[in-house]
Amino acid sequence: MTAPAQRAELQEIRGPSALGGGVRRFFDLLWLSAVTEFKLGYHGTALGFVWSFVRPLLIFGILLVVFTQVFRLGSEVENYPAMLLLNILLFEFFAQATQQASTSVVVNESMVRKMQFPRLVIPLSVVLTNAMHTGLSLIVVFVFLIAYGVDPVWTWLLLPVILTALGVLTTACAMLLSAIYVRVRDIGILWAVLSTMLFYAAPILYPIEIVHGVFRDLILLNPLTPLFLQTREWIIDPNAEGAIEATSAHPWLLIIPLLIAASVCVAGPLIFNRMAPRVAEEL
Amino acid sequence: MLTVPATETRELAIDVRGVEKTFRIPTQRVETLKERATQLFSRAEYRQLRALRGIDFEVASGEFFGIVGRNGSGKSTLLKLLASIYRADAGSIRIAGRVAPCIELGVGFNVELSARENVALNGVMMGLTPREARSRFDEVIEFAELGEFTEMKLKNYSSGMLVRLGFSLMTHVDAEVLLIDEVLAVGDASFQRKCFDAFARLHAEGRTIVLVTHDMSAVERHCDRALLLEGGRIETIGEPDGVARRYLELNFGRAPAAAPGADSVSHDARVVDAGVADSNGEPASGFAQGEEITLEIVVEALRRLSEPVFGFQIVNADGLLIFAPEPIRLDGRQALAPGERARIRARIGNPLAEGHYYVHCAVGRGSEGQDPLAFRKNAADFVVYGTRGFGGVVALECSAETTVEPAEGSE
Ligand SMILES: Nc1ncnc2c1ncn2[C@@H]1O[C@H](COP(=O)(O)OP(=O)(O)O)[C@@H](O)[C@H]1O
Ligand SMILES: [Mg+2]
Chain D
1 MTAPAQRAEL
11 QEIRGPSALG
21 GGVRRFFDLL
31 WLSAVTEFKL
41 GYHGTALGFV
51 WSFVRPLLIF
61 GILLVVFTQV
71 FRLGSEVENY
81 PAMLLLNILL
91 FEFFAQATQQ
101 ASTSVVVNES
111 MVRKMQFPRL
121 VIPLSVVLTN
131 AMHTGLSLIV
141 VFVFLIAYGV
151 DPVWTWLLLP
161 VILTALGVLT
171 TACAMLLSAI
181 YVRVRDIGIL
191 WAVLSTMLFY
201 AAPILYPIEI
211 VHGVFRDLIL
221 LNPLTPLFLQ
231 TREWIIDPNA
241 EGAIEATSAH
251 PWLLIIPLLI
261 AASVCVAGPL
271 IFNRMAPRVA
281 EEL
Chain F
1001 MLTVPATETR
1011 ELAIDVRGVE
1021 KTFRIPTQRV
1031 ETLKERATQL
1041 FSRAEYRQLR
1051 ALRGIDFEVA
1061 SGEFFGIVGR
1071 NGSGKSTLLK
1081 LLASIYRADA
1091 GSIRIAGRVA
1101 PCIELGVGFN
1111 VELSARENVA
1121 LNGVMMGLTP
1131 REARSRFDEV
1141 IEFAELGEFT
1151 EMKLKNYSSG
1161 MLVRLGFSLM
1171 THVDAEVLLI
1181 DEVLAVGDAS
1191 FQRKCFDAFA
1201 RLHAEGRTIV
1211 LVTHDMSAVE
1221 RHCDRALLLE
1231 GGRIETIGEP
1241 DGVARRYLEL
1251 NFGRAPAAAP
1261 GADSVSHDAR
1271 VVDAGVADSN
1281 GEPASGFAQG
1291 EEITLEIVVE
1301 ALRRLSEPVF
1311 GFQIVNADGL
1321 LIFAPEPIRL
1331 DGRQALAPGE
1341 RARIRARIGN
1351 PLAEGHYYVH
1361 CAVGRGSEGQ
1371 DPLAFRKNAA
1381 DFVVYGTRGF
1391 GGVVALECSA
1401 ETTVEPAEGS
1411 E
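Sequence order for the protein chains is D and F.
Mapping of the first sequence onto the working numbering: position 16 corresponds to residue 16, and the numbering continues sequentially without gaps.
Mapping of the second sequence onto the working numbering: position 124 corresponds to residue 1124, and the numbering continues sequentially without gaps.
Hints may contain errors.
Unchecked claim - Below, a list of computed lysine-lysine pairs in the DSS-like style, where the Cα atoms sit at most 30 Å apart:
#: 1; chain 1: F; residue 1: K1155; chain 2: F; residue 2: K1194
#: 2; chain 1: F; residue 1: K1153; chain 2: D; residue 2: K39
#: 3; chain 1: F; residue 1: K1155; chain 2: D; residue 2: K39
#: 4; chain 1: F; residue 1: K1194; chain 2: F; residue 2: K1153
Said to hold, decoys possible - Now the stretches of chain F that chain D is said to cover, found in silico as 3 or more residues with beta-carbon under 8 Å:
#: 5; segment: 1081-1094
#: 6; segment: 1111-1123
Calculated directly from the structure, the hints in this document are not laboratory data.
Glycine included, each C-beta is placed from N, C-alpha and C at the ideal position.
Let's have the full structure, built from the sequences with the hints guiding it.
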């Protein structure tokens, strides 16, 4: 049946941690739980994984009607529907992944309390699952972009840079939120409000050039703003202002959001790492 | 190569030195947001609960090791430290080889997933590759007898099914060290037997098994050595029967064998001897719940006794009368001649709750034994241990199921 026990060396056990337990096992677990979660997300639904792109498309449809028909904003912006669709998709990834990650350690309580495994797998697999959904949708979005008449340019090749930056920021937020949520559940509600704020304070629905004065400065302080500026310049409209052009008058408007992003990227792993060894006993 | 000292020939599977574990329990509950906001910045108040102190022990490779102790004595905490689920505050824990834990109900199951997905995930957590985990699935399911339920979400499983799946999985991951916490309290009798067969097989393969249990008969029967925890410290460690005896003493007070039974003075008859034995006729002092108890009483007639009646009472540690049988008469005889001895053997089914019991014996006369001739208090005593039931004086057969009804007014 099973192989006879082998003799092994005594090895010091140091308890649970964020990583720990071997690189191979970490990635096996991460992949397995992300795929399982991906399948589970559509379990029992009629459309299955089609929802990955139908959902952002529906949100996009609503916003498109509101902003072209009600506010008459879209008609003045080059390729507005294309910009809106891509922006919505990227923001949905950030919002969904961080929101789900925040509760993830608590939701998987029974696993954490009874099994030894690198704790970081939990929030990371949430991010990975959402990345899978987003990846699928991106294919659809690019088909739409071409059909809509957006000219393919070489800067499309820079999309991975944007996706990587967004992925890193999302992952860091996921770590930070899931660690804090174990002790302070209020962070869940707080984050829902905060991410709505980040949504409106970034050039997602509107182009940056229509905002002036203090509000423009505030929007430029949002760490998500440079990502969306760059997305527009590289993918949708080469003549639009990129992150550097938009802040050329005040370079600190670029430096501050980058600093905020950098501190989140440092704080996330640090705080998660501190929480990981004790989380099983605090749940 | 260093030469190994003679005393070191026994290879260790687990080596625990000076381990301490303290839990911090918040003393004040935060209710309002304002309190919480101020608490975020002040140091919260904690009560320290020292769950384990100065824990030192070692388990040899291939040993079957029992951990016993009262509720709250720290058994599960110790097991979770060994399983790397908790981190020790001080001391060192060293383990040789891979560890498979089975803690509380099942292992680290996600109840939203099916058995198939859970076996894959948990198999990898216990150290298998994803491919191995998938290929063991059929064996795991077969052992757990869950063939019809492989695609069902675990939230629809009964607790017995969860334990079966968890236990089955842990025995199929090739771990060198198996840590098991009270699984046997939940499964039914046939699965428990299966568990012990599996233990025997794993033991024979040379795997190390650490079992937390309340079942002293299991400890005596299966363990090579055992450890008794009391209040977070090691109270006894060593031979299983000694540890089991000490556990029973701690739980049920001193054995009254040391306190001789009170005899009524009588010139008619004398209770010579009384004792309890198991179903094989071996003298025994402890019985698992449901295990038949044989009570043997020897009575000597000091003068001619016509139509004597024998009786006994079983009382619990609080002195409550639990049971007295109908009067027992001699089979096929009318009387006892002086000096003759009658041996009464009573077989008692055992639905008793866990606890210490005493037997009073009596000899009487008359249709109902109304005229007492001789009486002996605390003529024998025994202990019943088991995990069935949560309180009371008897352990009734009980199975429960739950349903939820929708709130009134809702559709
Ligand atoms: N996560 C925890 N947080 C706080 N206290 C705990 C925690 N786990 C266990 N304890 C406490 O530690 C003590 C030992 O518990 P446990 O190891 O579960 O005992 P046993 O398994 O022997 O019944 C108990 O007093 C229990 O309340
Ligand atoms: Mg316990």
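Status of each hint after checking the structure:
1. K1155/F x K1194/F: holds (24 Å)
2. K1153/F x K39/D: holds (14 Å)
3. K1155/F x K39/D: holds (18 Å)
4. K1194/F x K1153/F: Roughly 25 Å separates the two Cα atoms, so the pair holds.
5. 1081-1094: holds (count 11)
6. 1111-1123: holds (count 7)
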